[in-house]
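Here the working numbering = 1-based position in the first sequence + 2.
A hint or two may mislead.
[Said to hold, decoys possible] With a cut-off of at most 25 Å between alpha-carbon atoms, the simulated SDA-like pairs for lysine to any residue come out as follows:
id, residue 1, residue 2
1, K64, A13
2, K135, F82
3, K135, P175
4, K135, Q210
5, K135, E184
6, K64, D202
7, K64, Q38
8, K135, R192
9, K135, R172
[Stated by the list, open to error] Here are the simulated distance ranges between beta carbons:
id, residue 1, residue 2, range
10, A134, P157, 32 to 40 Å
11, N155, H87, 22 to 30 Å
12, S188, Q38, 36 to 44 Å
13, I177, R17, 18 to 26 Å
14, G178, R12, 26 to 34 Å
The hints are simulated quantities; they were obtained by calculation from the structure and are not laboratory data.
For each residue, glycine too, the CB sits at the ideal point set by N, CA and C.
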Amino acid sequence: MTSVPRILPRAFYDRPVLEVARDLLGQVLVHEFNGQVLRTCILETEAYDGEDDQACHARRGKTPRVVPMYEEAGHAFIYFTYGMHWLLNAVTGAVGYPAAVLIRAAYPLQGLTQMAQNRAGQPFAHWCDGPAKLTRALAIDGSLNTCDLCQANSPLRIETGWELPQEWVRRSPRIGIDYAGEPWRSLPWRLDIPYARFTDWMAHTEQQGVS
DNA sequence: TCTTCGATTGTCT
DNA sequence: GACAATCGAAGAA
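Kindly generate the complete structure, drawing on both the sequences and the hints.
Quick look at the structure:
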């Protein structure tokens, strides 16, 4: 990683949501709290695109819960689901157009002791391999909803990470949205880097001293 | 007010 | 592979 972390600018998010979802892979999600810095590398995302997208929470319009999706790109949209889980999204596109990228999985980089504590009893590989596991490991909850991801002094932000080869990116249908019907249910709007591919590469770069 | 159900996870069989 | 946990948002009544 570069010695001085750079924050992804707002322009990064002010683009079509599918592009943002793809380009977020390999970037570094940071949560600073209790004087500690927790860093992870984003490995899996999903795109949700507008009121027409029947899998999108904004499909019924601008209800109180989804207001952040309509706001300025580059902010966090964090919501509560299944009575116990927080899920983290990055808002994209123009103000007034509800679109966001769900961050589904990441690789732990820094703050490992704290993450292990937050994911007590779970092995390293499963600390951040799901959207609610990730928020649990990073101690992210609703108090961070609408947080600006583009500010260097923001407790929750996304820094530039690595440019991973495009051919590493897998595309598949989004998870847990069977209710949406076609074509939404089958659109390949889930993007991910295979975990093993990333860890092999990490092991190699660490050996080379390139980090 | 009542009812349904979810962008999930962990445990148990 | 099945299923319970757990509760707020949203729609129906």
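(message) Would the hint linking K135 and F82 be met if the CA-CA limit is 25 Å?
(response) Since the Cα atoms of K135 and F82 sit roughly 13 Å apart, the hinted pair holds (cutoff 25 Å).
(request) Quickly compare the C-alpha distance for K135 and R192 to 25 Å and report which way the hint goes. (result) 17 Å, holds
(request) Could you tell me whether the CB distance from I177 to R17 stays inside 18 to 26 Å? (result) For R17 against I177, whose Cβ atoms are near 23 Å apart, the range 18 to 26 Å holds.
(message) For the hint 26 to 34 Å, verify it against the beta carbon of G178 and that of R12.
(response) Because 29 Å falls inside the window, the suggested range holds.
(message) Next pair to validate is K135 with Q210; report whether the Cα-Cα distance is within 25 Å.
(response) Violated. K135 to Q210 sits at ~31 Å, over the 25 Å cutoff.
(message) Hint check: K64 vs Q38, CA-CA at most 25 Å. Holds or violated?
(response) 36 Å, violated
(request) Below or equal to 25 Å on CA atoms is what counts here, so check K135 against P175. (result) 20 Å, holds
(message) Given the hint of 32 to 40 Å, is the C-beta distance from A134 to P157 inside that range or not?
(response) Once the Cβ atoms are compared, 19 Å apart, the range 32 to 40 Å for P157 and A134 is violated.
(message) Just to be sure I understand the hint, the distance between the Cβ atoms of S188 and Q38 should be within 36 to 44 Å; is that true here?
(response) Holds - the Cβ-Cβ distance for S188 and Q38, about 41 Å, lies within 36 to 44 Å.
(request) Take a quick look at whether K64 and A13 sit within 25 Å of each other, Cα to Cα. (result) 24 Å, holds
(message) Tell me if the straight-line CA distance from K135 to R172 falls inside 25 Å.
(response) Since the Cα atoms of K135 and R172 sit roughly 21 Å apart, the hinted pair holds (cutoff 25 Å).
(message) Tell me if the beta carbons of N155 and H87 are separated by a distance inside 22 to 30 Å.
(response) Check passed, 28 Å falls within 22 to 30 Å.
Violation of the numbered hints given earlier is confined to hints 4, 5, 6, 7 and 10; the remaining hints are satisfied by the structure.
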